[in-house]
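Peer 1: Residue strings, one per chain:
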Amino acid sequence: MSTSEKINILMVDDQPSKLLSYEAILNDLGENLIRASSGWEALEQLLKTDIAVVLMDVSMPEIDGFELAELIRQHPRYQKTAIIFVSAVRQTDFDRLKGYEAGAVDYVSVPVIPEVLRAKVSVFAELYRKTQQLERLNHDLEQRVEERTAELNQRAEDLQRLNAELACSNQERQMLLERERAARADAEVAVRLREQFLAIASHELKTPLTALIGYAQTFQMRAKRTGNLSERDTQSLERILAQADRLHRMINALLDINRIEQGRLCLERELLDLGALTWRTVTEIQTMSSQQHFDVQSPGTPLWIVGDALRLEQVLYNLLGNAMKYSPQGGTITISITTHDETICVAIRDEGIGIPARDLPHLFERFYRASNVSGDNISGVGIGLFVVQEIVALHGGTITVESQEGRGSTFTICVPRATLPPNGDSVDPDHAAASDQLVAP
Amino acid sequence: MQLDIPPTHGVLVVDDDHAIREMLMEALEDAGYHVMSAENGHQALTQLRQVSTLPNVILLDLMMPMMTGWEFRKAQQADAQLAAIPVIVLSARPSMQHDEFMMTVDEFVQKPVDIARLLTIVARYCA
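So the sequence lines, in the order shown, correspond to chains C and S. When we follow numbering that gives the first Met the number 0, the leftmost residue of the first sequence carries the number 0, and every step to the right adds one. When we follow numbering that gives the first Met the number 0, the leftmost residue of the second sequence carries the number 0, and every step to the right adds one.
For the record, the hints were derived by calculation from the structure and aren't laboratory data. Built from N, CA and C at the ideal position, the CB exists for glycine as well. Among the hints, erroneous ones may be present.
Some chain S residues judged to face chain C by a derived CB distance under 7 Å, without partners named [as the list claims (entries may be wrong)]: (1) 18; (2) 72; (3) 108; (4) 111.
Heads up, simulated SDA-like pairs for lysine to any residue below, C-alpha to C-alpha not over 25 Å straight-line [claimed, not checked]: (5) 5(C) with 18(C); (6) 223(C) with 30(S); (7) 129(C) with 125(S); (8) 17(C) with 114(C); (9) 5(C) with 132(C); (10) 73(S) with 115(S); (11) 223(C) with 38(S); (12) 119(C) with 38(S); (13) 223(C) with 73(S); (14) 79(C) with 28(C); (15) 119(C) with 177(C); (16) 5(C) with 136(C); (17) 223(C) with 64(S); (18) 223(C) with 24(S); (19) 223(C) with 116(S).
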């Protein structure tokens with residue numbers, strides 16, 4: 000905005016000579032001088048252009064200066080326009096007042112002194128110019144404020160949006176955490192329910208079993224007393240008791256799973272012959288299988304260890320059962336018992352489907368199922384490799400596995416040897432002299 | 000009318016399971032004992048208070064409706080007439096060696112019961 004822009008000065012007089020003289024006087028100001036010879040012309044000009052200062056003759060025909068001034072002032076655009084009256088009429092105070100009331104800003108008296116007129120017009124011109132400037136600056140400022148405000152609003156909006164997004168993702172994260180917590184709680188409830196179920200089930204199952212075993216034993220005792228049973232009958236009775244005993248062991252195994260998982264398993268400690276125990280277990284399991292052939296290789300001597308016969312039977316049942324299950328095509332299951340300086344090892348080898356290499360490191364983990372099988376626990380003892388490993392570990396032993404997919408697997412357990420009893424006599428493995436309990440850590 | 004001379008050895012069997020009760024009765028009668036039976040602690044008390052000859056020993060189950068084995072034992076010990084009768088607990092629950100209750104009874108036999116072993120123990124209290 001150039002401050003040296005010309006402004007418009009309107010000179011209103013019905014006498015052209017006066018107009019000329021005004022022009023002559025005001026030329027030096029370097030502004031735009033517009034002539035009007037009547038009130039109406041003046042109004043026309045005012046409507047056409049922006050007038051900064053109006054210089055008018057008070058007494059004109061048709062419309063006098065005061066009326067014109069009033070009209071001008073009524074226009075909102077010209078409410079503050081400087082009006083300078085040129086008055087030849089002898090002004091009384093009263094007149095001067097009327098002039099000011101009508102909106103005059105200043106008077107110049109006739110005869111006009113050029114310097115005075117020039118000075119007054121110049122002052123009001125400058126005032127106008129400054130006012131324009133101010134208004135322009137204001138406008139600029141307003142615009143800039145508007146822009147800035149718009150910018151800030153935008154930023155505020157962006158921030159709000161980010162906040163909302165953050166709150167949303169927070170919510171999502173909360174939900175995920177909640178879901179995780181709920182899942183864990185569910186899992187814990189499930190484990191607890193299973194524990195309760197197993198406790199109740201095993202208790203309930205033992206009730207008919209008690210009656211069964213009691214009747215069979217009473218029957219057996221009666222038969223022995225009277226000698227009335229044939230050999231086959233006696234044998235059948237023995238088998239009934241054997242199976243009832245097996246059922247009993249299965250039920251106890253269910254409880255064991257619970258206890259092992261809670262770290263509450265107790266082991267018996269007795270001197271036993273691992274070789275004899277293995278033979279016994281294989282013989283029993285052989286009766287259940289028609290498809291596989293079992294081959295036991297062991298040194299003929301007693302193989303003494305200290306352990307829990309019941310639990311070790313469970314271990315062997317499980318491993319033999321697995322061998323059977325995973326060689327459905329039949330074939331031979333080889334059980335080799337070997338002795339070493341400190342340990343006795345039992346290796347169970349099958350010629351079945353084998354285990355994929357990626358499953359091998361995880362095989363003994365709780366609940367783990369190899370990727371090439373499906374379905375539930377094997378029929379039989381029903382404890383998994385996790386429990387097997389626990390029992391072997393509690394005996395101070397180790398279990399390892401080797402396998403090739405399509406060729407078969409070999410599970411080997413090794414347990415520490417027992418030192419022989421001091422008198423060197425053979426000991427009945429089922430009724431050892433000492434028996435105390437080992438609690439799982 | 001001559002009163003029947005009751006056998007010298009009597010056993011009271013208390014168990015809520017019908018099959019177990021019958022089985023124990025058979026096993027004990029085979030061995031020469033006179034056997035009474037009750038379904039729960041409440042019935043057992045009633046019988047003991049009505050009978051003319053008290054049994055030599057009580058075989059007591061623990062988990063029973065109406066009155067459990069624990070409750071029966073408490074009532075028995077509070078009754079001067081009955082308190083002296085020895086009690087053998089038969090239970091599927093594993094025995095707790097330091098269980099306070101177990102210390103108030105004379106023997107504990109785990110179910111399923113080995114009959115030969117049970118008869119040996121009963122004989123001890125009927126001698």
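Peer 1: Quickly compare the C-alpha distance for residue 223(C) and residue 24(S) to 25 Å and report which way the hint goes.
Peer 2: Satisfied, since the Cα-Cα distance of roughly 19 Å is no more than 25 Å.
Peer 1: Would the hint linking residue 5(C) and residue 18(C) be met if the CA-CA limit is 25 Å?
Peer 2: With a Cα-Cα distance of about 19 Å, the restraint between residue 5(C) and residue 18(C) holds, given a limit of 25 Å.
Peer 1: Verify the proposed pairing of residue 79(C) with residue 28(C), using a straight-line Cα cut of 25 Å.
Peer 2: holds (21 Å)
Peer 1: Holds or violated: residue 223(C) and residue 73(S), Cα atoms, limit 25 Å.
Peer 2: violated (41 Å)
Peer 1: Can you confirm whether the C-alpha distance between residue 129(C) and residue 125(S) stays at or below 25 Å?
Peer 2: The hint is violated at about 132 Å.
Peer 1: Check whether the Cα positions of residue 223(C) and residue 30(S) lie no farther apart than 25 Å.
Peer 2: With a Cα-Cα distance of about 13 Å, the restraint between residue 223(C) and residue 30(S) holds, given a limit of 25 Å.
Peer 1: Hinted pair, alpha-carbon criterion (25 Å max): residue 119(C), residue 38(S). Please report holds or violated.
Peer 2: violated (131 Å)
Peer 1: Are residue 18(S) and chain C close enough, Cβ to Cβ, to be under 7 Å, as the hint says?
Peer 2: holds (4 Å)
Peer 1: Hinted pair, alpha-carbon criterion (25 Å max): residue 5(C), residue 132(C). Please report holds or violated.
Peer 2: Between residue 5(C) and residue 132(C) the Cα gap is close to 13 Å, so the pair holds against 25 Å.
Peer 1: Quickly compare the C-alpha distance for residue 17(C) and residue 114(C) to 25 Å and report which way the hint goes.
Peer 2: Between residue 17(C) and residue 114(C) the Cα gap is close to 16 Å, so the pair holds against 25 Å.
Peer 1: So, residue 72(S) near chain C? Judge it on the closest CB pair being under 7 Å.
Peer 2: With a minimum Cβ separation of about 20 Å from chain C (threshold 7 Å), the hint on residue 72(S) is violated.
Peer 1: Need the status of pair residue 223(C), residue 64(S): alpha-carbon distance at most 25 Å?
Peer 2: Not OK: residue 223(C) and residue 64(S) at ~38 Å, beyond 25 Å, violated.
Going down the numbered hints, you'll see the structure goes against 2, 3, 7, 10, 11, 12, 13, 15, 17, while the others check out.
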